[in-house]
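Engineer: Each chain is listed here by its residues.
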Amino acid sequence: MIRRAELWGGLFWLAVGAFVAWQGWLLGLGTLHEPGSGFLFFWLGLVMCAFSVTIALAGMRGQGPELADLWRGARWGRVLLVIAALIVYGVAFEPLGFVPCTLALLLFLMTVVDPVPLKLSVPISAAAAVGVWYVLQKLLLIQLPHGTLFE
Amino acid sequence: MEVLSGLMHGFGVALDPINLLYCFIGVFIGTLVGVLPGIGPISAMSLLLPVTLSGTPEAGIIMMAGIYYGSMYGGSTTSILVNIPGEAASVVTCIDGHEMAKIGRAGPALGIAALGSFVAGTFAIVVLMLVAPTLAKVAVAFGPAEYFSLMVLGLTILSFLTQGSMAKALLMACVGVVIGLIGLDQITGFPRLTFDRLELVDGIGLVPVVMGLFGVTEILCNLEQQVRRDVVQSRIGSLWPDKADMKASAAPIARGTVLGFLLGILPGGGAVISSFASYALERRLSKTPGRFGKGAIEGVAGPEAANNAAAGGAFIPLLTLGIPPNVVMALLLGAFVVHNVQPGPLLMTQHPQVFWGVIASMYIGNIMLLVLNMPLIGMWVQVLKAPYRILFPLILMFCIVGVFASGNAVFDVFVMIGSGVAGYLMRKFGYEAAPLVLAFVLGPMLENNLRKSLILSHGSFEIFVTRPISLLCLLVAVLLLLAPLLPALRRKREKVALDVTD
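Here the protein sequences come in this chain order: V and P. Our numbering puts the last residue of the first sequence at 151; the count rises by one with no breaks. Our numbering puts the last residue of the second sequence at 502; the count rises by one with no breaks.
Since the hints were made in silico from the structure, they are not lab data. Be a bit skeptical, because a hint or two may be false.
[Claimed, not checked] Which residues of chain P face chain V? A few of them, derived with a C-beta cut under 7 Å, are: (1) Ala167; (2) Val177; (3) Asp185; (4) Arg192; (5) Leu193; (6) Glu224; (7) Pro393; (8) Val401; (9) Phe414; (10) Ile417; (11) Val421; (12) Lys428; (13) Arg451; (14) His458.
The beta carbon of each residue, even a glycine, is placed where N, CA and C say it ideally should be.
Please model the entire structure based on the sequences and the hints provided.
Structural biologist: In structure tokens:
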């Protein structure tokens, strides 16, 4: 029972629902004549709790897959690498600027995550990063970060 | 007469060189994303939403609409040649389309898919043009109670039609409304769930959420599986179906068109459901159902017509009521809003150039698509051969660029990454993203109409049951909510979900 995905999913959303309802309560429910800012949040939070309990109960009855089944046979290492790369990209985006960051991201994805030969990955990454920068910055006049570290 | 003069005005708008260019870009990109597995119309439309800002409202919306119906055309190419649906509505085309390709009949399969799509697309536009003005006149009488109940019905139907657990789908709809309400309260101006973050005061943007939940999630899910693409290597041959093929396909195309259009109007995955419904219908009506699954041309013609007709039908609720029936239309609503154009009953009178311009552009777009899909099929096959390991980094880069350009904020990039991870986990645990996104868009409207109704009725919920349209919508919603409790209906719904999953 404890390994059931439905149980953990249900419990997670139960916590989220309770949080939403609590926030709604804090914001103020108002009256039925004049509903307050938290009116819908509060009731939605309670409805979420009700659905979550249904889902968690299904898990407790042994329905649905086990947690380990969800990732069985999956190449989840690649997924983690991509998520990590995206977070690093987000953090470095403004300090380093668009071109170096994007070039590094593309090279990482094409050489580490799902490798292609260097003779392909390097020119494609460089052309894509510089090409997109040129089109956006120069032609469409959309401002991209140029790197606060280099200022 | 009114319709005819409106259409003439629309052609005047749509044939403007700039609008023609936008229409071409839209259908071209639509076909491209339809052909490429791993990126669908939703990601493409969110990506290009910021680009439309530089042009007129009609140009931007013409392009966005072109991407949608263009992707319906393009999706069939991948299904037939690679056995991987370019987008969800083409899943069923794989069954007989790819079988036809394997026995050397890829040409007629592609040809009939394009022809069926053209016929259905054109029919949908004609009916849309005839029905929309009348419906818009009726919709003027809608008050907040009707709008609220209609939105509740829309979300309930979508939750009912999604795969798997209805409780999960409804839960996702609630989550979507909550996320949609983050930011300033529209009535009191009070910040809600902003946690003192300035970036959240204006609410969470649609583009980063959609790009994360659909674009990034799709990439993460594809990466953890070994994507196998088995492109048909034999010559495609003549695309023009022969006499026997035409005869066999005529009735399925006609039935698929009508069925698709009607299902497309309903909220929920109209195009997806209609293609499955059309396939099931054709198999049932066939004198030789055993041929289905082994390369029956009817199994390509009917569903392809159905999904294109549904794409046209989906415009009706958006253009006449201002309510998007599915995620793609929700994005189109976003395109209307960024241009300060409110779709709904007054669209035709306040912005006739947008309403009629978009409708007229669909005629032109359908012809462009026929030209793009018939002679240029070889080019699309070459695009299909591009390896996913090169495509996915580029798609990811375009997602980041699109999200950043939409709000010029790194915060949005983080929202996209967060939504992508959340979407990946949701898919793993069996939670659908579509109800969340639709509810996210409808959330502020839903709350606004609920509060207005309660203020108007002095706090009485009777307003929702004393007005006939509102009562009807709520009754249907309640029936759908209770449906899973009835064993026979539950089995039927689970069967539909299973068919879609298969």
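Engineer: Take the hints in turn and mark each one as holding or not.
Structural biologist: Against the structure, the hints:
Evaluation of the Ala167/P hint against chain V yields a held restraint, the C-beta minimum of about 5 Å falling below 7 Å. Hint status for Val177/P relative to chain V: holds, with the closest Cβ pair at about 6 Å, below 7 Å. Because the closest C-beta pair between Asp185/P and chain V is about 4 Å apart, less than 7 Å, the hint holds. Annotation: Arg192/P was flagged as interfacial toward chain V, and the flag holds, the nearest CB pair being 6 Å apart, inside 7 Å.
For Leu193/P, the suggested interface contact is upheld, since its CB lies about 6 Å from the closest CB of chain V, less than 7 Å. This hint holds: Glu224/P has a C-beta 4 Å from the nearest C-beta of chain V, less than the 7 Å allowed. The beta carbon of Pro393/P comes within 4 Å of a beta carbon in chain V, closer than 7 Å, and the hint placing it at the interface holds. Interface restraint check for Val401/P: the shortest CB-CB distance to chain V comes to about 6 Å, inside 7 Å, so the restraint holds.
For Phe414/P, the suggested interface contact is upheld, since its CB lies about 5 Å from the closest CB of chain V, less than 7 Å. Annotation: Ile417/P was flagged as interfacial toward chain V, and the flag holds, the nearest CB pair being 5 Å apart, inside 7 Å. Proximity of Val421/P to chain V holds as hinted, the smallest CB-CB distance being about 6 Å (cut-off 7 Å). Against a cut-off of 7 Å between C-beta atoms, the interface hint on Lys428/P holds, since the closest Cβ of chain V lies about 5 Å away.
At about 5 Å, the closest approach between the beta carbon of Arg451/P and any beta carbon in chain V falls short of 7 Å, and the interface hint on this residue holds. Because the smallest distance between the Cβ of His458/P and any Cβ of chain V comes to about 6 Å, under 7 Å, the interface hint for this residue holds.
Checked against the numbered hints above, the structure breaks none of them.
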